[in-house]
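Heads up: the sequence lines are chains A and B, in that order.
Mapping of the first sequence onto the UniProt record's numbering: position 178 corresponds to residue 178, and the numbering continues sequentially without gaps.
Mapping of the second sequence onto the UniProt record's numbering: position 99 corresponds to residue 99, and the numbering continues sequentially without gaps.
These are computed hints drawn from the structure, not numbers from a lab.
Incorrect hints may appear among the rest.
Identical copies go unnamed one by one, so any copy, or any two together, can satisfy a pair.
Unchecked claim - The calculated lysine to any residue pairs, modelled on SDA-like cross-linking and capped at a C-alpha distance of 20 Å, are:
id, residue 1, residue 2
1, K220, D98
2, K220, E178
3, K224, D207
4, K153, D51
5, K155, T136
Fair warning: this is a prediction, and the values are worked out from it, not measured in the lab.
2 protein chains.
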Amino acid sequence: MIRVVLVEPEGEYNVGFIARLCKNYEIDELYIVNPRCDVKKAIPFSAKGSDILDKAVIVSSYIEAIQDIDLKIATSSIANNEGDMLRKSIKPWEIDIDDNKKIAIIFGRESVGLTRQEIYAADFLVFIPASEKYPTLNLSHAVSIILYEIWKKRKETKNQNIVAVSPEPLRFIGEYSEKIFRQISRSNSDYPMFVAVKRSLLQGVRDNEEAWAIVRFLRKVYMKLLHQNE
Amino acid sequence: MIRVVLVEPEGEYNVGFIARLCKNYEIDELYIVNPRCDVKKAIPFSAKGSDILDKAVIVSSYIEAIQDIDLKIATSSIANNEGDMLRKSIKPWEIDIDDNKKIAIIFGRESVGLTRQEIYAADFLVFIPASEKYPTLNLSHAVSIILYEIWKKRKETKNQNIVAVSPEPLRFIGEYSEKIFRQISRSNSDYPMFVAVKRSLLQGVRDNEEAWAIVRFLRKVYMKLLHQNE
Chain A
1 MIRVVLVEPE GEYNVGFIAR LCKNYEIDEL YIVNPRCDVK KAIPFSAKGS DILDKAVIVS
61 SYIEAIQDID LKIATSSIAN NEGDMLRKSI KPWEIDIDDN KKIAIIFGRE SVGLTRQEIY
121 AADFLVFIPA SEKYPTLNLS HAVSIILYEI WKKRKETKNQ NIVAVSPEPL RFIGEYSEKI
181 FRQISRSNSD YPMFVAVKRS LLQGVRDNEE AWAIVRFLRK VYMKLLHQNE
Chain B
1 MIRVVLVEPE GEYNVGFIAR LCKNYEIDEL YIVNPRCDVK KAIPFSAKGS DILDKAVIVS
61 SYIEAIQDID LKIATSSIAN NEGDMLRKSI KPWEIDIDDN KKIAIIFGRE SVGLTRQEIY
121 AADFLVFIPA SEKYPTLNLS HAVSIILYEI WKKRKETKNQ NIVAVSPEPL RFIGEYSEKI
181 FRQISRSNSD YPMFVAVKRS LLQGVRDNEE AWAIVRFLRK VYMKLLHQNE
C-alpha cells in the first residue's frame, strides 16, 4: 500500500497535478496535511484523477497522516550536506518497495519543504538528483519522478520474488535503536548517532530471520542498559 | 547537446514548468514550435528557469526545430499498439545519450500529442510506463521524467566513483558489535544475533561520516555495559 502525503501544499495546480499522477501510477491513498490552498480549485488540474481528490484524506496534523505507516519516506531537495546526519539520503531508485508494507512518501511545502522535525519522524530521506546549480524541482514534478521510479520498481520486481522483510521487526529495530539511544545519549545533539545506526540497519537487513536476530540483539542490549540504570 | 522541442504547447503553466525543468537538468536549448499560449505568461511558473524562457527559440514549423539534429526522439503516451510499427517504442531509460551528438527530445500538444507525421520524422519514439488504466501524463510531468532519466544516464555513468567507506570505521563497527555481543550473550549459540547486526550495519552504511557515527554509538553502548559489569 502506498500513500502520498502532502504537507501544507500551497498551490492548487500542484495538488491537482499530484492527484492526476496518483491515478497515472495507481497510488492507493492521498493524504493532505493542512492544505494552504483551495483543494476544490485543484480539480481542473487533476484531469482523470479527480476521483483521487474526492477520496483524498485531509488531516490537521502530520502525525495523523503517518501514524499507521510502516515505512515513512521523506523527500527533500536539500541533501547530503556535509556534517548533517539527518540529511543523509537515498536516491529515488533505491526506495525499497514491498507490497506487504504500508509505505508513505512525504512531500513538503513548495516554499520551504519539510521541517527538520518532520524529516526526523521519517525512516528515510529521498533526494532527487538534479543540477547542483538549481536542484529545486517544482513539487508536482518531484512527485512525478518518485512515483515513476516506484512504478518501475513495482513492475520490475513483481516477477523477481525478492524475499521481503516484514514491517513488524523493522518497527522493533527502529524502536529499540531509539530506546538504546535514550539510555546512552547525553544531549539531543547526539541524535546523528542514532539516525546513522537505525538507517544503516534498516537499509542493510536482508530478510526476516536477520531482522528478528537484530531485534533480539537490540532488545538484550536495551534490557541490560535499563537494568543498570535502575 | 540536448534540445527540448515543444510542439504547439497549449498551457502557459506547462511551458513555464518545462523551462524550470530545463534549468534543473541543464538542458542546452528550448525550442517552441507555434506556441498556442502566451509564452510571457509562462514566466511565473519558470521560477529560476526564466532565463531559459528568454533564450527559447520560437519557430513556426516542426522541421525548423529539428533539421540540424542528429538524433530525434519523439515522445508519446500511446505506444506499442499491436501492428502499428510507427508506435513501437523505447523506454525512457533506454535513450542513448552521446555527448558528441545533437539530440532533440520532442513533446507534442497537451490535447492530442504528436501527429503520425511528426513521429515519423523522428528516429525513436519514447513511451513512459504508467498505469494501463490511465497512462496519459500531463505534458510537463512527462518532460520531468524524461529529463531526469537522461540526467541519470549522463551523470551516474560519468562518476560511478561512489564515495567508499574507509576500512578503519568498518573494522571498529565489527569490533564493537562483537564486544557488545560478548556482554549480552549467554551462550555461543547466540552468535547469529551478532552476525545479523554486524552484517546489516556493514551492508547499510553509506559513507565515512555515517560509519563514524555508528562507531560512536556502539562504543558508548559498550562502555556503558562494561561499566555495569565491573
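The hints, checked one at a time:
Proximity of K220 to D98 under the C-alpha cut-off of 20 Å is found in neither arrangement, the shortest distances being 28 Å within a copy and 34 Å between copies. Proximity of K220 to E178 under the C-alpha cut-off of 20 Å is found in both arrangements, the shortest distances being 14 Å within a copy and 14 Å between copies. Taking the shortest Cα distances, K224 and D207 never come within 20 Å of each other, neither inside one copy (26 Å) nor across copies (30 Å). In the homo-oligomer, the alpha carbons of K153 and D51 never lie at most 20 Å apart, since the shortest distance is 25 Å inside one protomer and 35 Å across protomers.
Taking the shortest alpha-carbon separations for K155 and T136, only the inter-copy value of 17 Å comes in at or below 20 Å, while the best intra-copy value is 28 Å.
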